[in-house]
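Top line first, the protein sequences correspond to chains E and Z. Numbering of the first sequence is given in our numbering, commencing with residue 1 and proceeding in unit increments. Numbering of the second sequence is given in our numbering, commencing with residue 1 and proceeding in unit increments.
Keep in mind that the hints were calculated from the coordinates and are not lab data. Not one of these hints is a red herring.
Which stretches of chain Z does chain E cover? Using the computed rule of at least three CB atoms under 8 Å from a CB of chain E, they are:
1) 97-104
2) 201-207
3) 222-229
Some chain Z residues well away from chain E (every beta-carbon gap over 10 Å; in silico):
4) Asn21
5) Trp118
6) Arg248
7) Glu254
8) Pro327
9) Val344
10) Asp359
11) Tyr387
The following label-pair restraints were derived from C-beta to C-beta distances:
12) Ala207/Z with Phe54/E: 19 to 25 Å
13) Ala212/Z with Lys39/E: 30 to 36 Å
14) Gly49/E with Asp210/Z: 24 to 30 Å
15) Thr213/Z with Gly49/E: 26 to 32 Å
16) Glu7/E with Asp260/Z: 54 to 60 Å
17) Lys3/E with Ala207/Z: 15 to 21 Å
18) Gly209/Z with Val50/E: 30 to 36 Å
19) Leu53/E with Pro55/Z: 37 to 43 Å
Glycine included, every Cβ here is placed at the ideal spot set by N, Cα and C.
The lines below spell out each chain.
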Amino acid sequence: MAKSENELTWQDLEPGCIVTTPGNTTDYKTGDWRSQRPKYNLERCLKCGVCALFCPEGCINKTPKGYFIANPYHCKGCGICAKECPAYVITMEEES
Amino acid sequence: MSKRIGIETSLAIAETVKLVNVDVVAAYPITPQTHIVEHIADLCANGELDAEYIPVESEHSAMSACLGSSAGGARTFTATASQGLELMHEVLYVASGMRLPIVMAVANRAVSAPLSIWGDHSDVMSCRDTGWIQVFVENGQEAVDMTICSFIIAEDPSVLLPFMINLDGFHLSHVIEPIILPDQDEVKAFVPDFNYKYRLDPHNPVAMGDFATPAIFTEAKWANEVALTNSRAVINDVWDRFYKTFGRKYQAVETYKTEDAETLLMTMGSFSETAMTAIDAMREQGRKVGLVRIRLWRPFPFDDIYEAVKECKNLIILDRALSAGGPAGPVASEVKAALYNKSVKPAIVSIVGGLGGRDIHVSDFINMVDIGEKAIKNNDIKPFEIYGVRG
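Isolated chain Z, as found in the complex (with noise of 0.2 Å):
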């Protein structure tokens, strides 16, 4: 049976890289991922979890011994954040180049410098091109959710690609809140194992991540993106299924309050979940206000952002990272882009805020909503606004 309990967020995650029974985890750690793999190193060490952890000298061998025991066959779990995930950075392309289904969890924080251990996305806007399947979490609930379902996705053989959970660095990783753990059988029965056709067998020996030339790096990169892109069939009838067995619903974009709404706020990550807060106080004084979250960012939802954004006049988009001297949030960029060739889009601001770990209150979202408002009434819309910044 499924208990519900009261469990800080990592603490989850470890509990249930243990009901999907990996064998393998190597990882440093590095605030605020560090509860995520102490508990698992405590599971490995009382016998719980019977799994090789591999405590390495850096993040950059962490992933590097991923490569390997993933190579070999073995269901592989790491986590990181900030510092460590750029640590690890060349290594990520390595991961989905050799397409090897590791599972990765990101507790989003701050880069230095200024030194920060506080969250934000800079850390993993910096690995929007590594060719990892990538979804941002909301809640405790959820990161268990897609921490089952990303080893089902990952290791599927249509897909073959490594798997970023990216939660929110503290506002998400360090937080109690009541989760609903499975039954080790009921994971057991849901998540397939994991069979790799072409694992690093002496009897059957295979050369991998070999040397490309001119002629042929070209066909490799494409058959990876089309292997990317197609993946979203399988997340989506993943989700679905998870959705029959456990009765918690995953889409890659999701909407609140939408119908009707001539502004919408759009979201990624835990603080999507104040924003919906501050969409009812609004609603409330006959505002008519709307939220759109995405989930999975990449492969990048195109149709499911165009179908939720396609009816409202204006579009504010925050961004907790900020792309320097670049032509607005990362987000916002990237869903301008996304919206360009449409002959009917809303017009977008852009906002940065909650850098380094600055909270965004249900005020704050309702400023943001006004400044949005107003920018795009007055037909004054900067590239980008930076949210709450003194001076």
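The shape of chain E in the complex, shown without the other chains (with noise of 0.2 Å):
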């Protein structure tokens, strides 16, 4: 999308709703509806991306330095990446 979703008009859409383009649920902001958010502890991890493949939304990324960390906008805690990642990086903690 290139207007978010708060910007777009009925125009915008493609009938019947239809989404072209692959990937784009993670436009949309789901992060307000968490109520815990992933902490991670860097200095174990060991960059092998086992969190991002589980996530089930896709919204974990590899950043410059080869971490993988979950984008607030979209990620909705659900804590699938703590519960999967090898070296005990994540933990949950309460959305304050």
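Could you use the hints to bring the two separately framed chains together as a complex?
This is the structure in structure tokens:
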């Protein structure tokens, strides 16, 4: 999406709201649904990317330094990454 | 060459489905729709129609299979009635919301309980807000002609909406009439191929029927509403072209002997032909009466209805459905609402009758006009009158 969801008009939509660009759900702001956020202890990180593979929302991206970090705009805080991380890098902490 | 043959309306619809070269039919048999899908199954089985016939386990599955085939770019048809229409109800909204041009014939029938296999409009009246284009046909010829036109309208790139053809169960579905069936080549020349721009294709992936947050849902619904309202221009255009090609003319709202009429009857569906005979009989007695027939039910033809009724004093509307606990019959409710803000409008009497297959004869229509005119004259208009109830 070129525009954010709050700027889209009805004329901007494809018929039947068909999605023609893959992966664009990360453009939706669902981060404010979160009750817990992932907290990273990067000293332990193996940069293996298992968290990104398991993330059901595809919201974990590789940083220039090679770490894998969730995008807080889209991350709903499900905690799957924390559960799957083999090095116990991620813990879920309450949103303030 | 077209041929004029004696044929049951249901079979004629099936033959028309063959003429428009439908690709996929997914349907579950239910009285009084059965003959339509039974005959299509025959046509597929004996090789006359090269289509995929999907025998599903329920109407919910029938409409769901239609979603898939239409999304895949296949010209898709189904038919149902009554309980079957109710069972597929939730999927009807998906078809319109996803803008899939499925065509469906509904052989209108009462809804249980008590169980009735006979005709009225109760089934489709629960589908008013499903976002489908909806027409009511009066006779077998019209059922054939509307079926031909429905695919062109539904599949038009500016429309892309599902299309429901309502025909009265038994009173129309099971009647053998002389019907002109156009020639295959004539229909092929008139109905363009279905080229769905967004069809499911592994080489050009799209996602359909996705999730919408509150930030976008209103825009999505409004886009569909605009498409449904604007479909009227395409409907008019296709019916005009049909008239020029085949010589039979169709309009959203049609009038019969309404010039100088003080009292108008309003009907929808096959009972309109009986009502015309009643109008003739009353005209012979010197009564200033006429008839308005609604053919296009969705998108609702506001302007056409106002034009048709603005000169009359009394308007008597027959509904073949009861809006339980509601303000009037469904058609009367909507016509009243449409006219409410007009400064000049007729007095309106809503009559509910013909439920669960009960016949309405010429004498009944004359009775209804008497009841309506009397109620208006005595200033005693009830929310609605139920016609012919005993006790």
